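One line per chain: the protein sequences are A and B, in this order.
Residue 197 in the working numbering sits at position 197 of the first sequence, and the numbers go up by one each step.
Residue 222 in the working numbering sits at position 222 of the second sequence, and the numbers go up by one each step.
Hints were generated in silico from the structure; no laboratory data involved.
Covered stretches of chain A (chain B as the covering partner; in silico rule of three or more C-beta atoms under 8 Å from a C-beta of chain B):
id, region
1, 29-40
2, 241-250
3, 292-301
Sample of chain A residues lacking proximity to chain B, with all beta carbon distances greater than 12 Å (derived):
id, residue
4, F6
5, Y68
6, F180
Label-pair ranges, simulated between beta-carbon atoms:
id, chain 1, residue 1, chain 2, residue 2, range
7, B, A114, A, G284, 22 to 32 Å
8, B, A114, A, L12, 28 to 38 Å
9, B, G123, A, H192, 14 to 24 Å
10, A, G228, B, V183, 53 to 63 Å
11, B, F110, A, A162, 45 to 55 Å
12, A, P132, B, H189, 37 to 47 Å
13, B, A114, A, A202, 34 to 44 Å
14, A, S178, B, L186, 54 to 64 Å
15, B, N158, A, G284, 25 to 35 Å
16, B, I292, A, F65, 22 to 32 Å
17, A, S178, B, G215, 45 to 55 Å
18, A, P132, B, N92, 31 to 41 Å
Computed from a prediction, not measured in an experiment: that's the story for all the values here.
Glycine included, C-beta positions come from ideal geometry on N, C-alpha and C.
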Amino acid sequence: VSSAVFFYVTTLLVYFGIDSLAVWGLNLQYGVAGVANLAFILFQAAGAYTAAILTLGPSTGNGGFQEYVGGATLPFPIPIIAGGVVAGVLSLVVGFLGLRRLRADYLAMVMLVVAVIGNELAQSDTGLVNGPAGLALIPQPLQDVLNLSPSAYQWFYVGLVAVICVVVYFVVRRITESPFGRSLRAVRENEHAAAAVGKNVASLRLIVFVVGGVIAGISGALFVQFIGAWSPGGWSYVETLVLLTAIIVGGQGNNVGVMVGALFVGVVFQEGARLLPTTWAPAGLIAALQWIVIGLCALLFLWFWPQGLIPERRRVFPLVPRKHTVDGRETSSVAGAP
Amino acid sequence: LLVRRTVARPGIEFCISGRIKVLRDDEPTQGAEVNLFILSLGFGIVTASILALGAVGFTLQFSVTNVLNLAYGDVMIASAFVAYALNSRGVNIWIALLVGGAFGAVASWFLNRAVFSPFIRRGTRLFGMVVVTLSTGLIIENALLALVGPNYFSYSFNAGSEVHVAGFALTVAQLAVVGLSVVVMLVVHILLKSTQLGKAMRATAADAALARACGINTARVIDAAWLLSGALCGIAGVVLVINTASFQAATGDGFLIVIIASAILGGIGQPYGAMLGGVVIGLATELSALVIDPAYKDLVAFVVLVFVLLLRPVGIMADVSARREVAG
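My request is simple: use the sequences and hints to build the entire structure.
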């Protein structure tokens, strides 16, 4: 195996792990609790910027060519944890403002606007996180301590991401399989019914919003520490649609399903396009085609397999007569559909 | 994650560039300050006119058809490209504008018939429809990108001499845009309030099932609503480019966000609220450039929106939208 292929494969493994973390976070919000968070990428970006700034050191470093607020050189796990914490706090603020009794589609719009505000702010204010150019030369964790060869370091990072994936998977699973997860699904299926049996819908939504935000922050931090650079062009709001497509393809509400979706959409589609010959196409055409494929993928799955490749397990209690069980995703009354 | 385009600026960037800066540098007297305010007010009115056109179309689409169409900005830009195709072949810009509006109407109607309405019939609801319209918009935008490339385009037309009235300094074309917007708003007002079709639309928006029971052919009303809102969408796209001078396939994204902000500000689903929201956001963004760095002026729109969400989460003029439980 040539070293180029080796680097490619290990990089893909890291991307897959990071995408899996992200879709677990978003699935918890959208797939399980029905919170339409179109600003998900903003929280990933917040975690990434935090981790970047906490490893870059003061902005006078590297000849002072990039401007940013703060700056520190903290040892390995702290920047990643801080990324999760900052994204969580941001989620708390945004969730508190945005989750106030808004209907799913209305909330989606507000979140879309929030995602664009965040991106605009990062671009307009060059002193905050270096504006449109973004941050670069971000050191990789433990690189100087371990003193590994580049290929050994690739494997080290794959292992690191894998360990974090396993931990987060168990946390997410613990949430979705618990009575708390059942409450979240109740909120998704029918918030009025959930409120009627005594569930605090607003606080359930806010909690899941923050937990998803923390996971987003961790995934962003891991991503930026791996690739070493981060700029607003890489996290426009449509990136959230890629993660949503992964969830729709894999099976919303199913943790294993969405991971398969991340593999399918993130790795097979996006990376598959790289294997196409680039000589016949003008620059940018393949990127445009990739986006078209992502959009078509979301539409086709919503049409033909709305439950996804691996549907969410139907939770039916055998002791209850069939006619009382709630099946299907949407149970709210429908008035006025054309 | 894909590293996407680096130019993702919202569409309303114009006017503010050279002229104001020059005034600021050359005439730092008290008189110039007043002048500057009125100048910005003039640009604010132009922005507000364009925003009102777009926001009314967007909100009308939602209230009558129950679809939050996030492909709206991309249909706008597709219409602008249709007008460009004509204009670059020598057709007068104002005729191209009409054709652009007609294209917007037909394209929106077609999107509903071919994509949105089948999904709703199949049972896709609320956020599912948001994903459907967002994906459709993504496909349109990137199809345009694949067709025309990432270049910037501009119309060739005579913007007319600069007219100075009461301290305003606007080109004839900008005045025409404001006039057009006022006329279109009046037409929408008369249509909604005084015609059979308008009444049927309002009845369908308020309660489609009841409207059907009263003998209103809601399917036809919804078709008409898509054509009307699509025409507004197309016209807004072309006048946006007449004003901004240059555009590319991704311009629609950013402008849609400002339109959404206006529509939410006015209470989503409220045509008059959307007019008001468009005016507030248009004026706020342009006037803010007087006191803060113009780079932040689009952020002002969002700050206004955040305050509204905090104080009145359903918008300035909302009453129906808060109570309604609808599909799509």
